[in-house]
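Asks: First to last, the protein sequences are chains C and G.
Position 43 (the first sequence) corresponds to 152 in the working numbering; numbering is contiguous.
Position 495 (the second sequence) corresponds to 604 in the working numbering; numbering is contiguous.
Note that these hints are calculated values from the structure, not bench results.
All values reported here derive from a predicted model rather than from experimental measurement.
Do not rely on the hints blindly, as some may be mistaken.
Distance condition first, Cα-Cα at most 20 Å in a straight line; then the derived EDC-like pairs of lysine to aspartate or glutamate [what the hints assert, rightly or not]:
(1) K425/G / E558/C
(2) K425/G / E558/G
(3) K279/C / D720/G
(4) K719/C / E716/G
(5) K754/G / D643/C
(6) K532/C / D283/G
(7) K402/C / D643/C
(8) K684/C / E789/C
(9) K425/C / D720/G
(10) K738/C / D756/C
(11) K128/C / D523/G
(12) K425/C / D385/G
Sample of chain C residues lacking proximity to chain G, with all beta carbon distances greater than 10 Å (derived) [as the list claims (entries may be wrong)]:
(13) E472
(14) A587
(15) V686
(16) E688
Virtual Cβ for every residue (Gly too), placed ideally from N, Cα, C.
There are 2 protein chains.
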Amino acid sequence: MEKFFYPRSMVVIGASVTKMNLGHIIVLNNRNNGYEGNIYGVSREEGDIAGAHVYDSVDKIPEVPDVAIIISPAQTVPDFMEACGKKGITHVVIESGGFSEYSEGQQTLEDKILEIADRYNIRFIGPNCIGTVNFDIKMMMPFGFFPLTPAGGRVAMITQSGGIGGSYLKEFGDNAIIPGKFASIGNKLQIDEVDVLDYLIKDEKTDIITMYLEGFKRGRAFLDLALLSDKPLIVQKANRSDLAAKVAQSHTTALSADDAVVDGGFQQAAVIRAEDDIDFINAVKIIRLPLMKSRRVAVLSRSGGHAVLTVDACAKFGFSLVDFSPAFIETLKTIYHMRVIAHQNPLDLGEIFDYTIFTKILEETLKLPDVDGVLFNHLYVSSYESEMSRDFLGNIGRLVEQYQKPVAVTVNTDAPELLNISKSQGYPIFTTPLMAAKALDISATYYEEKMARDARGKNVLSSVDMATIDKIKNHCLAEKRIPLTDEALQIAEAAGLKCVAGVTVKSAKEASKGNLNFPVAVKLLSRNASHKSDVGGVRLKIQNHKKLAEAISDMKKAFKNITPQPTIDGFLIQKMVAEGVECFVGGRQDPVFGPIVIAGLGGIFLEIFKDTSIRLAPVTKNEAMDMIKQLQAYPVLQGARGKMKADMDAFSDVICRVSQLLATAPDIAEIDLNPVIVHEKGKGVSIVDSRVFFK
Amino acid sequence: MEKFFYPRSMVVIGASVTKMNLGHIIVLNNRNNGYEGNIYGVSREEGDIAGAHVYDSVDKIPEVPDVAIIISPAQTVPDFMEACGKKGITHVVIESGGFSEYSEGQQTLEDKILEIADRYNIRFIGPNCIGTVNFDIKMMMPFGFFPLTPAGGRVAMITQSGGIGGSYLKEFGDNAIIPGKFASIGNKLQIDEVDVLDYLIKDEKTDIITMYLEGFKRGRAFLDLALLSDKPLIVQKANRSDLAAKVAQSHTTALSADDAVVDGGFQQAAVIRAEDDIDFINAVKIIRLPLMKSRRVAVLSRSGGHAVLTVDACAKFGFSLVDFSPAFIETLKTIYHMRVIAHQNPLDLGEIFDYTIFTKILEETLKLPDVDGVLFNHLYVSSYESEMSRDFLGNIGRLVEQYQKPVAVTVNTDAPELLNISKSQGYPIFTTPLMAAKALDISATYYEEKMARDARGKNVLSSVDMATIDKIKNHCLAEKRIPLTDEALQIAEAAGLKCVAGVTVKSAKEASKGNLNFPVAVKLLSRNASHKSDVGGVRLKIQNHKKLAEAISDMKKAFKNITPQPTIDGFLIQKMVAEGVECFVGGRQDPVFGPIVIAGLGGIFLEIFKDTSIRLAPVTKNEAMDMIKQLQAYPVLQGARGKMKADMDAFSDVICRVSQLLATAPDIAEIDLNPVIVHEKGKGVSIVDSRVFFK
C-alpha cells in the first residue's frame with residue numbers, strides 16, 4: 110500500500126489536454142496544491158496541463174511511474190492496464206465507473222482486469238472510486254476539486270463511496286479535524302478495506318481510523334485485524350436494511366452483511382459503530398480526547414434550561430450525576446459567590462460572567478476523583494465573548510490533557526460564530542446537549558468494550574470429536590438428507606456437550622418394549638421435516654406406555670393431512686427434564702464473517718423481541734458471559750419473576766462449545782440447540798433438542 | 110392574553126437610567142426596534158432611556174400602561190405589584206428570579222404576590238421569565254438583546270425556559286422560520302401554558318404552535334385543548350427523567366410528569382413530541398409543508414452513497430420505496446438520457462448537471478399517484494451552483510404546493526453556503542439524509558395520529574354502579590383498610606365487567622362444605638397484603654377438597670414467617686379458567702393528567718419489556734383498539750407462536766370500561782385487573798384478579 114500513499118511519480122490516463130475533463134482536474138489538483146513528485150498525463154492528444162506533460166501512450170512516459178490512475182471509459186480500461194503492465198507499473202488506481210455496479214453484463218470486463226493484474230503482478234484499487242489522498246505530501250487522486258489541509262493530520266479515512274468520503278472530509282474541515290490519509294476503494298475488485306486497514310493500523314502517522322463501508326469483502330479478516338488494533342476504529346456501516354442492499358449493489362457492488370452480526374462483531378472487537386452521519390463526526394471529535402473511564406459526570410451550564418436538557422440526555426445514556434460533597438461546595442464558594450442559584454450538580458453558572466471563574470470551577474471539578482467526565486454548556490453572544498470563548502476552549506483543552514478526562518462542550522451562539530469557532534480552533538465542540546452526551550457515551554462505550562476485549566482471555570480449547578461428525582455427515586450425504594434429531598444431538602455431544610438421553614424407536618410397538626422413565630417426551634425423527642413442532646411432531650409430558658402409543662398413533666394420523674407429508678424415520682423418546690429457563694444456543698457459517706455463535710432465551714424473547722447476542726466464533730468464557738449479560742431478558746436468568754437464579758456458568762459453557770464446534774467443523778453450515786433448559790444455579794443445563802445442517 | 114401580545118403602552122419597573130441593567134435593555138430594545146406604543150421606566154432615579162421617560166414611582170406615570178414589566182429583586186416585587194394594582198394596571202409580567210425555583214423559603218413571597226394579584230384582579234406571567242414578544246408590532250419584553258424579524262410570522266412559541274426559547278428563536282432565524290408570537294412563562298405561578306395555548310389556538314395570526322415545557326401545570330386541560338386543535342402543536346417536553354426532575358424543580362419549579370403518560374396522551378391528541386433539540390427544529394421545518402399522507406416514498410439523489418444512507422433511513426422509519434413503473438421509466442427517458450446509472454428508485458442523478466432536468470424529474474415523480482413524499486439529496490459546489498440551487502429550491506416550493514406532497518431536501522455543500530442558503534430562502538432544507546427521513550416520519554406520524562384522533566368516535570357511555578363503589582369505599586374507610594380482592598372484583602363488576610365468580614370462605618373447614626367446581630384457585634384475602642402472590646397467597650390448579658385444605662393450611666404456616674405478617678381476612682376460591690393470553694388493564698388518577706388507563710400483556714412483557722399502552726381516560730372503542738395494536742407484543746394476540754387469535758374485541762371492552770370507571774369515580778385512586786385472561790376470538794375474557802386503592 111505504501112506506493113498508493115507515497116507515490117514518487119504518477120500518471121493520469123485519460124487526462125485531456127484541451128478540455129477540463131476529470132483526468133485533467135486530477136493533474137491540476139496535484140500541480141496546483143504542491144505535490145512534489147512527477148506527474149504525467151496520457152491522452153489521445155499530446156500536450157501539457159499546468160506544466161505536466163501529457164503523452165499519447167503509456168510507453169512514452171520517460172520513467173516508470175509509481176502509480177497509474179486510469180480514468181477513461183470502462184471498455185478502454187483493460188487495454189490501458191495491459192499497457193501499464195508492459196511498462197512495468199505495479200500500482201494502479203482505476204477510477205472509471207460503469208463496471209459490475211452498472212450491470213451484470215460488465216462482469217467480463219472485471220474478469221479481464223483481474224487476469225491482466227494477475228499476469229503482471231499489478232496491485233490495483235477500484236474500479237469506480239476516487240483513489241487516495243495523502244495530505245502530508247499534498248498528493249490527491251480524486252477527480253473533484255479538493256481543499257488543502259495542514260500537514261500532520263492523524264485521522265485516516267477509508268471509504269467505499271467517493272461522494273460520502275468527500276462530504277466527510279468537508280465536515281472534518283468544518284470541525285477542525287485534520288485528515289492524514291484518505292482512500293476511496295470503490296468496487297474493491299482486488300484491494301479491499303482489509304488491505305488498507307492493515308496498512309493504516311501499522312502506519313505511524315495514523316492515530317484514528319475512520320471508515321464508511323457499504324459491505325465487507327473479507328468480514329472475518331477485517332474483524333481479526335480490529336480485534337488487535339489499539340487505534341480506535343470508527344466505522345459507519347451503511348446498507349443496513351434489505352431495502353438498501355439492492356441500491357448499494359447497484360452503486361458499488363457491496364456484499365451485504367447481516368446487520369445484527371455486524372453489531373455483535375463490532376462490539377466484540379471494540380469497533381465504534383457510527384449509527385449515522387451525525388454520529389460519525391461526533392465520534393471522531395470525542396475520540397481525540399482522553400476516554401471516559403466510567404459513567405459518572407458533572408454538568409456545568411450557563412443556562413438552567415440547557416442543564417435540564419443535558420440531564421435528560423445523561424439519563425438516556427445511563428450516566429449518573431455525582432453528588433457534590435460539602436467540601437467541594439465549600440471550594441466553589443471560595444471561587445465565586447452564589448446569589449440566586451444553588452450549588453449542585455448540574456451547576457447553573459447563569460450568574461457568572463467571568464471566564465477565569467469558569468476555568469477555575471472546571472479545574473476543581475476535573476480534580477474530583479468520582480467525576481469521569483464533564484458536560485459544559487457554553488452560551489454566549491459573539492459580539493462580546495468571541496475572543497474569550499476561544500481562550501476558554503484553549504484552557505479546557507489544557508485541563509483535559511492534564512486531568513485525562515473528557516469535557517464535552519456544547520456551544521450555543523449565533524450560527525456564523527458557531528461555524529467559525531468550530532473551524533478555527535482545535536477543541537471539539539457540540540451543538541446540542543444531546544450530541545455532547547451522546548459523544549461521551551461513545552467514549553465510555555468504546556472504553557468498556559476495549560477493556561472487555563482485552564480481558565476476554567483465551568478460548569477453552571474444547572476438543573471436537575470430528576470422527577463422529579464426519580461419519581454422520583457422510584451418512585447424510587449418501588442418503589441426501591439432513592441429520593435426524595438423534596444424529597443432531599450426537600453432533601452436539603461430539604462437541605463435548607451432554608444432551609438429554611433418548612431412546613430411538615421405529616414404532617409404538619418397539620417403544621412399548623422399552624423400560625422407559627415416565628413422564629417422557631416423544632419427537633418425530635424425519636429427514637424432511639427439520640421443524641418438528643411445525644408439523645405436530647413433538648408431544649410432551651406423556652405419563653405411561655398407553656398414552657405413548659396413543660401419541661404416536663395420533664401423530665401419524667395428523668401427518669397424513671400435511672403437504673409435503675413428513676417421512677417417518679422413527680421416534681425419539683426422552684425423559685421430561687426438570688424446570689428451568691428455556692434458552693437456545695446456535696450458530697452458522699456466515700457468508701461474510703465465517704463461524705458465528707448466537708444465544709438467547711427462547712419463545713417470545715426470540716420471536717417477538719428478537720432478543721439475541723451474536724459473536725464471531727469461537728468465543729472465550731468471558732465473551733460468552735458478556736453475551737448472556739447483554740440480553741434484554743438477562744433479569745429473567747438473574748431470578749426475576751420469582752424464578753431461581755439460573756446456571757449461567759453452564760449456559761456459557763454451551764455457548765463456548767457450540768462456538769468451538771462451528772470454528773472447528775466448517776462443514777456444519779448451521780446448528781441450533783433449542784431448547785437448552787437452563788436450570789437453577791449449580792444444576793446445569795438440559796439440551797433437549799438439536800438441528801444441524803451440513804454444507 | 111390579548112394585552113400581553115398587543116400592549117398599547119408598557120412600563121418597565123427596574124429600568125435604571127444610569128447603568129445598562131436588564132430593565133434598561135428592555136426599554137432600549139423596544140425604542141430601537143420600532144415598538145410604536147408608549148414605553149416608560151420606573152427606577153429610583155428619574156431620567157430618560159433613549160427617549161423613554163423613567164419615573165421614580167409607578168403612580169407618576171401619566172397614563173395607565175396596558176402592561177407592567179417587573180424586573181427588580183424578588184423581595185421588592187410585592188410592593189411593586191401593589192403599586193401596579195393601585196395604579197389600575199391589570200397585566201403584569203414578573204421577570205425577576207429568585208422565587209420558589211431558588212429555595213422553598215421563598216414560597217411566602219409567591220403567596221404574597223398571588224394574594225395581591227387576586228385583590229386587584231391582576232393577570233400576571235412569571236416570575237422567573239422573559240415575558241412575551243410580538244414580532245408583528247416589534248414589541249419585546251425579554252431582557253437580552255433580541256434580533257428583529259420580518260412581520261407576518263405564523264409560528265408561535267411558548268417556553269418555560271427563557272434560555273431555551275432564545276436559542277430556538279436563533280435557530281428559527283438560521284432556518285428562515287419567521288416567528289410571530291413568543292411567550293416565556295417561567296414559574297407559571299398564575300398564567301400557565303394552558304392560558305397561552307388557548308389564546309394561540311384561537312389567534313388568527315398563528316398557524317403552528319411550538320412549545321418547550323419542563324412540566325405541566327394543568328396537564329389535563331392542556332390535552333383537552335390539544336385534542337381539539339387543528340393547528341399542529343410541536344412540544345418538546347424536557348425533564349423526562351427522574352434525574353432531570355430534581356434539576357427542573359430548582360430551575361423553574363416544573364411539576365414533573367410520568368414520561369410514559371406524556372407519550373400516551375400526546376399520541377392520543379396528535380401532539381407532535383419533539384424528542385430533542387434537533388427534532389424540534391426539524392418538526393417546525395417539515396410541518397410547514399403539506400403532510401405526508403402515507404409512507405410510500407421516492408428518492409432522488411445526486412450521489413449514490415447518499416442514496417444508500419437515505420434508503421437505510423427510509424427502512425428505519427418504515428417507508429416503502431415505490432417501484433418505478435415501465436411507463437414512468439419511459440417518461441424519464443424522454444427527460445434525459447442515462448449512461449452509466451440505472452433508472453430505479455432511488456434514482457441516482459449523478460450524471461445530470463442540468464437543473465431544468467432535476468425540476469422536470471421531480472415534477473413527474475410528484476405526479477405519481479403512489480408516491481406520498483420525496484427525498485431529494487442535493488450536493489453542490491457553491492462556487493458554481495449557488496444561484497441555481499436557490500432557484501431550484503424555489504421551484505421545489507412551487508411544486509410542493511401544486512401537488513400537495515412534501516419534498517424533504519438534504520443539502521450537502523460547504524458550511525458557509527449551507528448556513529446562507531438555510532437563512533436566505535424559505536424552503537426548508539435538512540443537512541443529512543437521516544434528518545430528512547426523520548422529518549418525513551414526523552409528518553407522516555402526525556397525519557396518522559390526527560386521522561386516528563379525528564376518527565376516535567364517541568365514548569360508549571357504560572354506566573357505573575356508584576352505589577356499590579361508595580358502599581365498599583365507606584366500608585374500607587371505616588375499617589381503615591384497602592379493599593379485599595373480592596371487593597376489588599365487585600368494583601370491576603360495578604363498571605359492568607363480568608369477573609370470574611368466586612366463593613369467599615373464612616377457613617378450610619368452611620370451604621370443605623361448599624359445592625366447588627374443581628380444579629380451583631385459592632387466594633388470600635388480606636387487608637394489609639395487596640400483592641397476594643408476593644406473600645405466597647395464591648395457589649392454583651387445586652384438584653379436590655383435600656388438596657384445598659392442605660393448600661390453605663400451607664399458606665397459613667408460611668405467613669407466620671413473613672414480616673409484617675399478613676392479616677387473614679378469608680380466602681377467595683375461584684374456578685380455574687380456560688387458557689388464553691395473560692393481559693392486564695389498569696389505571697389511576699394521575700396527578701398531572703387525571704384519570705388514565707393502561708393496558709398490556711402481563712408477566713415478562715410488563716416486567717422485563719415494560720410493554721404498555723397508556724391513554725387519558727375515558728377512551729373510545731377505537732382508541733382502545735389502537736392501544737392494543739401499538740403493543741410490541743401485539744403479534745402474540747394476533748396468534749403468533751401457534752396461539753389462537755385472541756378476543757381483541759372483548760379485551761378492548763375491558764379497557765373502555767375501566768377507563769370509564771376511573772373517569773366516573775375519581776375516588777378510585779388506582780385499579781389493576783391482573784391477570785385478565787384473553788381467550789380465543791369470540792370467547793371473551795376472564796377477569797381473575799383485581800386490586801383497588803381509594804384516595
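Asks: Which numbered hints are broken by the structure, listed smallest first?
Replies: 1, 3, 7, 11
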